[in-house]
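**Student:** Throw the hints in and build the complete structure from the sequences for me.
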Amino acid sequence: MTRAAIYARYSSDRQKATSIEDQIAMARRECDRKGWTVVEVFDDREMTGRNMRRPGLQRLKDASARGEIDVVVVEALDRLTRKVADALNLFDLYQFQGVELYSVNEGKQDFMRVMLLGFGAQEVSAKISVHTRRGMQGAISRGRLHTSAYGYHKREEPANTNREIAPEEARVVLRIFRETAEGRSAMAIAKGLNADRIPAPKGGTWEPSTIRGRKDRQEGILNNRLYIGEASVCKFGRRYHPETGAKAIYSTEEDMVQKTFEELRIIPQDLWDQVQAERATRTRRATVSGNPQAARRSKHLLSGLLVCDCCGAPYIKTSRNRFQCREARKGACNNKVTIRQDRIEARVFDALRAELRNADLMGQFEAAFQAELRALESTDFGAAIKAAKAQLALARKARDGIMRAIEQGADFADYSARDKELKAEMAALEDRIAHLEAQQAEKDATPPDIPAIFEAALKDLEALLGDPDLVARANEELATLVRSITLLPDPESKDGLAAEIHMDLGSLRSRAWDRDMSQGQSS
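If you read the sequence shown in our numbering, its first letter stands for residue 432, the second for the next number, and so on.
Simulated from the structure, these hints should not be mistaken for laboratory data.
Careful, some of the hints might be misleading.
As the list claims (entries may be wrong) - Under the rule of at most 30 Å between Cα atoms (straight-line distance), these lysine-lysine pairs were calculated in the DSS-like manner:
| hint | residue 1 | residue 2 |
| --- | --- | --- |
| 1 | Lys690 | Lys646 |
| 2 | Lys925 | Lys767 |
| 3 | Lys854 | Lys690 |
| 4 | Lys828 | Lys817 |
| 5 | Lys585 | Lys851 |
| 6 | Lys767 | Lys585 |
| 7 | Lys585 | Lys828 |
**Tutor:** Structure representation (structure tokens):
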């Protein structure tokens, strides 16, 4: 008996709740047709496929780890995830556990299909992200700041900008900078603020990290350049670890848009400069060295696949970017020809791409992409945007009520928790509105050239598989597709080496002889 687990998901901004039942019904029919017994159904409702810590998905992974299922059935791969790396992580995990991954729309999944179909879903998600960032860049040029920075509140009647200084909070910001310039630590400042019963930005008590933050991410009170009137967007991007959900921040300076709003300045320039100099003095320390982990060479895509045709020994990395026969390096083989990593990888991937350009795989890729586009087309983003804006207005009204109560003498401590909830709700709704508007823009955009996107995926195989987070696993998967690459000295071949590439792509079985890839392959 084959034990099947069904997984379904819908995102609130993409589908209706009935989509879950539709997905499950479709998967059950497929299991009946296959003769599989459905032992459990898992689902996640109103959750994005970019979040890999979804409760339903985690329960599915736990069941798989306990050996309770033999196959995971989904309507389409993008129900599990919308990122290539996440898709490959899941595929790798299920393969390790002896669990098959099966898509009703796309069939049994293998490494290459997961990668290419995942690339299609990721492209749609990426296009939406581009629209979102573009909207943020345009908004700041119009004075619309998408920020909830401490020291500011939203203007009732926007003029040059939609934010204005909140006097009480601004005085706290100025106090923090002055005390830092005087040499007080973030801990001492936090203790002083708490002793004076001044609420922290998100309610509750002050933490040193709220003041100190992280300079490399421009987080924290002391790093926020809006306090000197400099507003910017898109200076950082975010990635999330597929297993732990931990956020990683990376710089995107090429996308950054910055504008100065002198009316938003809280900190005088001389005080800002004094504080930054004081902090630099405190954090200056000796460079830490001697970490043996840092000296390790990262695994590369062709590890263990390159073989010397003269002696049968492996080609190994002998410098940062060159391979050489291991025995020749010791003087035990006459094959002295070395080859650059990028050169041999290019030749191998040219051969692999030629085998992957087939109508069946292209058809699956196009079907998956069209499903993404149909989901966009069928969604009424206008109604979703209107509903989100209505929710935002209610949250703002509730928070205004709290502020009026405090102004009339109520104790802030009585409202602190609710105020914190409302701030978080407003921030989430503002993000949701921006995301929905980006999706609406994507829906209205010119339909993409799907064959060109498929070709781009093939063209970028090295980059996709060479991602530092994927390269070790990609090497293991490549070993099942490219059995070996034997290198033989040959003055007439590229790089002075002929490469015999032994491939096994499941139904696409071939043995390609490579003297000069521009001249084609022969079996």
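**Student:** State the violated hints by number, sorted upward, taking the hints as numbered earlier in the document.
**Tutor:** 6
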